[in-house]
Amino acid sequence: MFTPLTVALAVAAIALAAWCGWAAYRDQPTKDWHFIGMAVVALLGLAQLVVGIVRLATGGEAAEGTAIFVAYLAAVAACIPVVGLISLTERTRWGSLTVAAGALVLAVLQARLHEIWGGGGPGGA
Amino acid sequence: MAPEPQRSQDPQEPQNSQEPQRPGGGPQERGEPARRAGIGKGPGTLLVTLYGIFTVGAASRSIVQLTTRFDEAPLAYVLSAVAALVYAFITLSLVRGGERARRAAFGCCCVELLGVLAVGTWTLVEPSAFPDATVWSDYGMGYLFIPVVLPVTGLIWLRRSRTGEPGRTS
Numbered sequence: 001m002f003t004p005l006t007v008a009l010a011v012a013a014i015a016l017a018a019w020c021g022w023a024a025y026r027d028q029p030t031k032d033w034h035f036i037g038m039a040v041v042a043l044l045g046l047a048q049l050v051v052g053i054v055r056l057a058t059g060g061e062a063a064e065g066t067a068i069f070v071a072y073l074a075a076v077a078a079c080i081p082v083v084g085l086i087s088l089t090e091r092t093r094w095g096s097l098t099v100a101a102g103a104l105v106l107a108v109l110q111a112r113l114h115e116i117w118g119g120g121g122p123g124g125a
Numbered sequence: 001m002a003p004e005p006q007r008s009q010d011p012q013e014p015q016n017s018q019e020p021q022r023p024g025g026g027p028q029e030r031g032e033p034a035r036r037a038g039i040g041k042g043p044g045t046l047l048v049t050l051y052g053i054f055t056v057g058a059a060s061r062s063i064v065q066l067t068t069r070f071d072e073a074p075l076a077y078v079l080s081a082v083a084a085l086v087y088a089f090i091t092l093s094l095v096r097g098g099e100r101a102r103r104a105a106f107g108c109c110c111v112e113l114l115g116v117l118a119v120g121t122w123t124l125v126e127p128s129a130f131p132d133a134t135v136w137s138d139y140g141m142g143y144l145f146i147p148v149v150l151p152v153t154g155l156i157w158l159r160r161s162r163t164g165e166p167g168r169t170s
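Read top to bottom, the protein sequences are chains V and R. Each residue of the first sequence is one higher than the last, beginning at 1 in my numbering. Each residue of the second sequence is one higher than the last, beginning at 1 in my numbering.
Treat the hints with caution; some may be incorrect.
Claimed, not checked - One side only, chain V facing chain R, incomplete, derived with CB under 10 Å: (1) Thr-3; (2) Gly-65; (3) Ala-71; (4) Ala-75; (5) Glu-90; (6) Arg-93.
For the record, the hints were derived by calculation from the structure and aren't laboratory data. Each residue gets a CB set at the ideal place from its N, CA and C atoms; glycine is no exception.
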């Protein structure tokens, strides 16, 4: 995998989680700026999906298997759009907290994705 | 549908301080239809999301494991599949709402909690029975202990929204 993108996505996701968590703490729903932030993170997720598929197509191989790798890539790409939509229907602090939770999940997915590609073992990164 | 208990705010109830945020307090004012939406709204939204994530996670994990290497650790993989079913059922119940769904979800949260505690203890006492991990191994340690926190939160939330009144727990 393309490690800089993985790290950038994990950091962006944690930042988004903190931002939306702060909004929830202040009893606010997600606002336009939050959605712009979500869009940025979602685009990074899409980019990762594309990079991952290109890597597979050009002969790369995931250490833990292609199926699992693709499933995680799909989850990464879908994660933020889904919680974003939920926060559109839940216009309270709980919508913000939902986005924060989704972003944290995304950060965890990045760590797993790194492992699945073989970050720890030979041929990693 | 069960008969509607009278909405009554009990001033002595100490839990009232933890009353979750509701937009304008509006939805609570009108009996059944409002309460139907109750358990999947507000804090319920967060629960639905988390249960949804765990449904997807546990289901896809058990599908991969059951189809590709069932023989390695059949017990662990079947338990993961059971966990996925329980999560899916709770997610659907929360989304659907209503008293019956609330009771069903409550029961499932109990099953889930017992499952996490039983499987968690089992994996610690007899690790040899589990060559591979389940979602509930070591009390859900591999999942940041969310599997053990989630049912407790769910039970508190479902209990509290029983009469459509947060804080009414007895």
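Subject >> Index of numbered hints that the structure contradicts, given in increasing order >> reply: 1
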